[in-house]
Amino acid sequence: MSELTPQQFTVTRADLVRYAGASGDFNPIHYSERVATSVGLPGVIAHGMLTLALATRAVEEWAGGPDRVVEFGAKFTKPVVVPDDDEGVVIDVTGKVTAEDESTRSLSVAVTCDGVGVLGAMKAVVRV
Amino acid sequence: MPIDASLVGREFPPTAPYPVTEVKVREFATAIGAPVVEGVVPPTFPIVVAFAAMNDFLADVEADLFRIVHGEQRFAYERPVRPGDVLTATLTVDTLRQIGGNDIIGTSSLITDADGEVVCRTKSTLIHRGETS
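So the protein lines, in turn, are chains A and B. FYI, in full-length UniProt numbering the residues of the first sequence are 1 to 128. FYI, in full-length UniProt numbering the residues of the second sequence are 1 to 133.
So here's chain A without its partners, still in its complex pose (with noise of 0.2 Å):
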């Protein structure tokens, strides 16, 4: 298989909440819409480590397992606007197998948001 089986994922601010505690990541840009405002961002967006290991699980299901997982990483390119209602944000992840060799398989992924780029240049090395 040389791509990932594209994958959906739905991010609430429940989610938020839940992945702030579990994370200690308690920056209020993830609850408060008045504090992430008064910073200049849209509204409260989701923490970027969220969205990377919503992606990284994509990447963990096609290696086999998250211990096959042995390097990633993004460059959080555009915040992910999360609304205060029940219905969330979709995150949708694709990815294409860019390299490999004997032991290890490269990856390049694509994380979007709306059709936008929300990670920027996703990579990860999984053992094969």
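Since the hints were derived computationally from the structure, they do not count as laboratory data. There is no bait here: all hints are sound.
Pairs of lysine to any residue, SDA-like flavour, derived with a Cα cap of 20 Å:
(1) Lys24/B - Gly21/A
(2) Lys24/B - Arg18/A
(3) Lys96/A - Val128/A
(4) Lys78/A - Arg74/B
(5) Lys123/A - Ala99/A
(6) Lys123/A - Arg121/B
(7) Lys24/B - Gly24/A
(8) Lys96/A - Ser2/A
(9) Lys75/A - Lys123/A
(10) Lys123/A - Arg105/A
(11) Lys24/B - Glu38/B
(12) Lys123/A - Gly71/B
(13) Lys123/A - Glu3/A
(14) Lys123/B - Asp113/B
(15) Lys78/A - Thr12/A
(16) Lys96/A - Gly65/A
(17) Lys78/A - Thr112/A
(18) Lys123/A - Glu100/A
(19) Lys24/B - Asp67/A
(20) Lys75/A - Thr112/A
(21) Lys78/A - Phe66/B
(22) Lys75/A - Arg97/B
(23) Lys123/B - Ala121/A
(24) Lys78/A - Gly101/B
(25) Lys78/A - Arg129/B
(26) Lys96/A - Thr112/A
(27) Lys75/A - Arg121/B
(28) Lys75/A - Ile104/B
(29) Lys123/B - Gly24/A
(30) Lys24/B - Val119/B
(31) Lys78/A - Gly115/A
(32) Lys123/B - Glu71/A
(33) Lys24/B - Ala14/A
(34) Lys123/A - Glu78/B
(35) Lys123/A - Arg79/B
(36) Lys78/A - Val69/B
(37) Lys78/A - Lys123/B
(38) Lys123/B - Ile3/B
(39) Lys123/B - Val61/B
Keep in mind it's a predicted model, so treat the numbers as computed, not measured.
Start from chain A and add chain B according to the hints.
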């Protein structure tokens, strides 16, 4: 207030040792919607320790967390994290740039286990948004 450029190259003291428990891993996996599998730790989990190092750093430079936006994050593993590990993060400031009133802070953190062996290397770019923004 811009961040002091003399910080570049400075290594901060290691964070307090962090015991990785099954309960905490389950909480983290649930928060990212990942399957909960005993003994398996999500690859983004070390952010918990890296974030603690970042908080210590922000307190030291008297920067407000709400002015920080995460710009980039990378992880490179030596071995997977396991429940029972006791992890410590040591943060170094690699680069500092000022662009349009914002500080762009490049950091790296070494995540080590109780034996001092490297488990994971992380790199983070933090954007400290200036007061005018």
